[in-house]
Amino acid sequence: MIKFLTKGLLRDRSRSLFPVLVITLTVALVVFAIGFMRGTMNSLFLDTAVILTGHEKIVTRAYNEESQLMPNDLALLDVDQLIDSLEQDYPDFFWTPRITFAGLLDAPDENGETIAQGPVIAFGIDFLSHGSRQVEIWELERSLVSGSLPENRDDALISSKMADQLNIRAGESVTFIGSTMDNAFTTYNFNVSGTFNLRKGQTDKQMMLVDLSGARLALDMENAASAIFGFTHSLYYDDEAAVNLRDQYNKTESDSLDVFSPFMLALRDGNQMGQMVDISGAMLAIMGGIFLVVVMVVLWNMGLMNGLRRYGEVGLRLAMGESKGQVYRSMISEAVIIGLAGTVIGTGIGLSLTYYVQENGIDYTKGMEALSNSSMVMPNIFYAQVTPDLFYIGFIPGVFATVLGTMLAGLAIYKREMAQLFKELET
Amino acid sequence: MENNGVITINNLVKRFPVGGDFFTALKNIDLTLNKGEFTGMIGPSGSGKTTLLNIIGGLDSPTEGQVSVLGQALNDTSHGERARLRRKHMGFIFQSYNLLPVYTVFENVELPLILNKIDKDERRSMVEQAIESVGLTDKMDSRPNMLSGGECQRTAIARAIVHQPALVLADEPTANLDAENSHHIMKILSNLNQELSTSFIFATHDEKIMAYLRRIIHLDDGEITEDEIIDNPKAHD
Ligand SMILES: Nc1ncnc2c1ncn2[C@@H]1O[C@H](COP(=O)(O)OP(=O)(O)OP(=O)(O)O)[C@@H](O)[C@H]1O
Ligand SMILES: [Mg+2]
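Protein chains in written order, with the working numbering: chain A, 1 to 427; chain B, 1 to 237.
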């Protein structure tokens with residue numbers, strides 16, 4: 001009988017091919033849509049995290065109070081030891097020091113005479129140490145406009161906007177003018193190894209990126225840092241985990257009476273970021289929920305219709321002496337097989353698509369130019385994100401809803417008098 | 001117990017709930033059918049023919065009275081037992097053929113044998129024989145949508161008799177067919193009746209069928225009004 005039914009199933013495309021196609025498409029859409037929404041939200045966060053906040057950020061309590069002033073006199077000390085213990089205690093994250101400083105950038109001619117001068121915001125980032133992921137998370141290879149990535153202590157990248165403004169080209173040297181950690185006047189020469197464009201609106205207008213070691217030398221900050229940033233290895237921001245870690249860390253490692261003790265901030269603690277995280281989380285849940293419900297109704301209906309369409313066959317098989325249970329079970333098994341086939345293929349397609357967009361992104365540069373004034377750093381390339389739940393979420397509509405629809409249609413077999421089914425067969 | 005009784009019905013009443021009330025579709029039915037009969041139930045539309053056929057087939061249950069088919073009292077049997085009775089010993093023919101469109105003639109006829117778990121080689125010879133007896137050997141591998149109405153009904157007949165049931169129930173088997181095909185069908189059925197000693201019972205108002213019947217039970221308004229035995233059916237050859 002199984003062979004007989006399989007033969008029928010394969011021949012009747014309206015029972016096999018079409019439902020599988022519909023389920024495949026729907027499931028692929030669900031998986032991709034959710035992955036894409038997740039990824040988009042996450043890339044919004046990731047840009048902010050990379051430039052300003054990390055997924056977690058550790059500063060001294062005093063620095064936190066006045067962080068807008070970039071008060072490097074309140075910086076963290078003994079940073080290497082701090083990072084060693086962080087790597088050990090919180091291995092789900094990778095930890096990296098950051099020096100944030102501001103001053104003037106001076107572009108001299110061959111004789112050292114100033115040609116142009118402008119304000120600069122500089123980040124001392126650990127590009128050069130072994131195993132550093134900073135070039136990767138800053139996406140510098142893609143953002144490089146001219147020249148090359150920093151290779152030496154005194155190399156610097158400056159944004160192409162600032163390079164144009166100050167008329168600086170890769171290969172030239174610039175002088176940073178500012179103050180050290182101890183508020184002493186300092187000048188320091190950097191070699192401009194290249195220029196970059198983050199393509200995130202005005203964010204990088206006055207930005208210079210230098211290696212941490214150069215920044216330390218320039219500001220006299222040996223083994224010190226403005227902050228230590230922590231990122232998850234997957235770069236996916238999980239708010240709940242981040243908040244738990246921050247609470248736990250501050251309880252055990254931070255001393256509220258010592259203004260120089262380290263203090264951890266989660267991404268959501270940054271300027272307005274908490275609201276963003278909450279709103280996007282709620283939006284995701286609502287949109288994902290509505291989407292799932294709609295799709296479930298569609299597939300539930302398809303299961304129901306497919307079942308109802310077969311009353312004739314059911315009546316006939318009952319008349320020929322199959323028991324109700326047998327007919328019911330065979331309908332359900334068929335729905336499970338169709339549902340599984342469609343869901344597995346659909347999940348495969350959805351995940352591949354999500355993965356592709358996760359790796360390559362969808363460029364959206366033009367539309368973003370207009371919207372770049374909140375403290376939020378807007379992305380111009382949207383990424384999707386493959387998360388573990390995408391592997392099973394498709395089964396809810398694909399198998400569960402389809403089978404439920406079929407079960408409901410099949411239930412009528414039990415409810416209805418057999419003679420009635422039989423009569424429907426006559427019409 | 002009943003040596004020759006294929007169907008025994010005593011005091012049958014069938015009421016359908018309609019709204020808050022009941023509609024009496026059959027009443028005071030007493031009937032005995034013997035082995036090998038070729039019997040028709042005749043009556044106007046709504047007289048209860050299909051209802052009675054359904055009860056005999058175990059597809060519907062009586063409100064009152066006893067119905068015994070092939071030695072089994074249907075009142076005492078479970079759904080499963082009635083299903084088994086249909087599977088092993090009954091065949092059905094419908095007005096609208098009810099062939100499964102995705103299967104070939106051969107496969108449609110094969111279905112009752114698959115349900116009865118008959119093994120493949122035996123199945124093949126039984127199916128071929130049944131198809132031959134309705135003259136469709138050359139259409140064995142066709143799908144129903146390639147067949148004429150008469151050919152469809154002949155396929156349905158082959159399906160109804162392939163497992164050599166004791167009883168075949170046919171509800172208006174010729175209603176969708178033209179005169180020539182109706183006669184063809186009735187000749188086939190009447191031959192099968194004689195060869196296989198299978199009992200046939202028809203529900204019909206088709207004059208052409210009546211010419212072949214050897215017993216006619218008249219139903220009117222849910223009651224048997226006349227029970228005629230015909231010794232020499234007109235169309236008998
Ligand atoms: N499930 C049901 N519920 C209510 N009434 C029913 C039901 N089935 C049949 N009836 C009624 O019982 C009566 C007999 O119906 P039945 O189908 O047996 O007639 P019939 O003799 O086969 O008619 P036809 O020649 O039109 O097929 C009809 O009046 C019909 O409306
Ligand atoms: Mg009828």
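Heads up, a few of these hints could be off.
What the hints assert, rightly or not - Pairs of lysine-lysine residues, derived as DSS-like cross-links and limited to a Cα-Cα distance of at most 27 Å, are as follows:
| # | chain 1 | residue 1 | chain 2 | residue 2 |
| --- | --- | --- | --- | --- |
| 1 | B | Lys139 | B | Lys27 |
| 2 | A | Lys415 | B | Lys139 |
| 3 | A | Lys324 | A | Lys415 |
| 4 | A | Lys7 | B | Lys208 |
| 5 | B | Lys117 | A | Lys324 |
| 6 | A | Lys324 | B | Lys187 |
Unchecked claim - Heads up, incomplete: computed chain A residues facing chain B, CB under 10 Å, no partners named:
| # | residue |
| --- | --- |
| 7 | Leu9 |
| 8 | Arg133 |
| 9 | Val135 |
| 10 | Glu136 |
These aren't lab readings, by the way, just hints derived from the structure by calculation.
Note that the Cβ used here is the ideal one computed from N, Cα and C, for glycine as well.
Broken hints, by number:
1, 2, 4, 6, 8, 9 and 10
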